[in-house]
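Protein chains in written order, with the working numbering: chain A, 1 to 113; chain B, 1 to 110.
Bear in mind the hints are in silico, worked out from the structure with no lab data behind them. We put the beta carbon where it would ideally sit given N, CA and C, even for glycine. Careful, some of the hints might be misleading.
To be verified - Example chain A residues on the side facing chain B (calculated, C-beta under 10 Å, incomplete):
hint, residue
1, Glu69
2, Ser80
3, Ala81
4, Cys91
5, Gly107
Claimed, not checked - Simulated restraints on C-beta separations:
hint, chain 1, residue 1, chain 2, residue 2, range
6, A, Val52, B, Ala65, 50 to 58 Å
7, B, Glu14, A, Thr79, 16 to 24 Å
8, B, Glu14, A, Gln50, 38 to 46 Å
9, B, Asn57, A, Gln50, 40 to 48 Å
10, B, Asp67, A, Leu96, 40 to 48 Å
11, A, Gly63, B, Glu66, 26 to 34 Å
12, A, Lys9, B, Asn54, 23 to 31 Å
13, A, Gly2, B, Glu14, 28 to 36 Å
14, A, Phe12, B, Glu66, 21 to 29 Å
15, B, Glu15, A, Lys70, 24 to 32 Å
16, B, Met10, A, Gln50, 30 to 38 Å
17, B, Met59, A, Lys71, 43 to 51 Å
What the hints assert, rightly or not - Covered by chain A, according to a simulated footprint, are these stretches of chain B (three or more residues, beta-carbon under 8 Å):
hint, segment
18, 21-33
19, 39-49
20, 63-74
21, 98-108
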Amino acid sequence: DGGITQSPKYLFRKEGQNVTLSCEQNLNHDAMYWYRQDPGQGLRLIYYSQIVNDFQKGDIAEGYSVSREKKESFPLTVTSAQKNPTAFYLCASSALSRTGELFFGEGSRLTVL
Amino acid sequence: DAKTTQPNSMESNEEEPVHLPCNHSTISGTDYIHWYRQLPSQGPEYVIHGLTSNVNNRMASLAIAEDRKSSTLILHRATLRDAAVYYCILRDADDYKLSFGAGTTVTVRA
Numbered sequence: 001d002g003g004i005t006q007s008p009k010y011l012f013r014k015e016g017q018n019v020t021l022s023c024e025q026n027l028n029h030d031a032m033y034w035y036r037q038d039p040g041q042g043l044r045l046i047y048y049s050q051i052v053n054d055f056q057k058g059d060i061a062e063g064y065s066v067s068r069e070k071k072e073s074f075p076l077t078v079t080s081a082q083k084n085p086t087a088f089y090l091c092a093s094s095a096l097s098r099t100g101e102l103f104f105g106e107g108s109r110l111t112v113l
Numbered sequence: 001d002a003k004t005t006q007p008n009s010m011e012s013n014e015e016e017p018v019h020l021p022c023n024h025s026t027i028s029g030t031d032y033i034h035w036y037r038q039l040p041s042q043g044p045e046y047v048i049h050g051l052t053s054n055v056n057n058r059m060a061s062l063a064i065a066e067d068r069k070s071s072t073l074i075l076h077r078a079t080l081r082d083a084a085v086y087y088c089i090l091r092d093a094d095d096y097k098l099s100f101g102a103g104t105t106v107t108v109r110a
């Protein structure tokens, strides 16, 4: 089935450790996105990419890094510089079109102990 | 920053219609209006989108004001499964920075 796969679904890490969240899509979409969601809050954009080997900072990029080496993959690294990394992380993809809908993964819940 | 504003919450009774407003006063002529909803502990899902004319699909209807500065998502008969956070966003062909606001939390009473 076509869709977006995020892994892991749950992740526990100690403070100060970098962690990488995986996002893979088989929808042949050019655009991919990473969002962060805190309890009871909306989605905040971390990074986005429109094409392989290119990406842009979103509204809250500090403490995060991404790569886009393949069209279908857009991993997010939460670095030790991120002050409060515990959150629900969502990956999405879409076609490069004003009418293109966003497809979201099921999310990765990161807890820093 | 999000280019849309929505009420924080709305309540409805089961099987009654729900009208969810969204203001987008700075909308450009080429922006499409998209709506998504997010069930608890899940990723958001697409609901509907439109440009100028009202739109209907199996999930909802979208009514767009004549000046396009506001729109309303209409759930015709709310069910308990419609309890979710609903987001309104704008999509432009040249801007792929898609920011979501806090959305509207819809509560459906049985």
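**OP:** Find the hints from earlier in the document that the structure breaks and name them by number, from lowest to highest.
**Re:** As far as the earlier hints go, 1, 2, 3, 6, 7, 9, 10, 11, 12, 14, 15, 17, 20 are violated by this structure, in ascending order.
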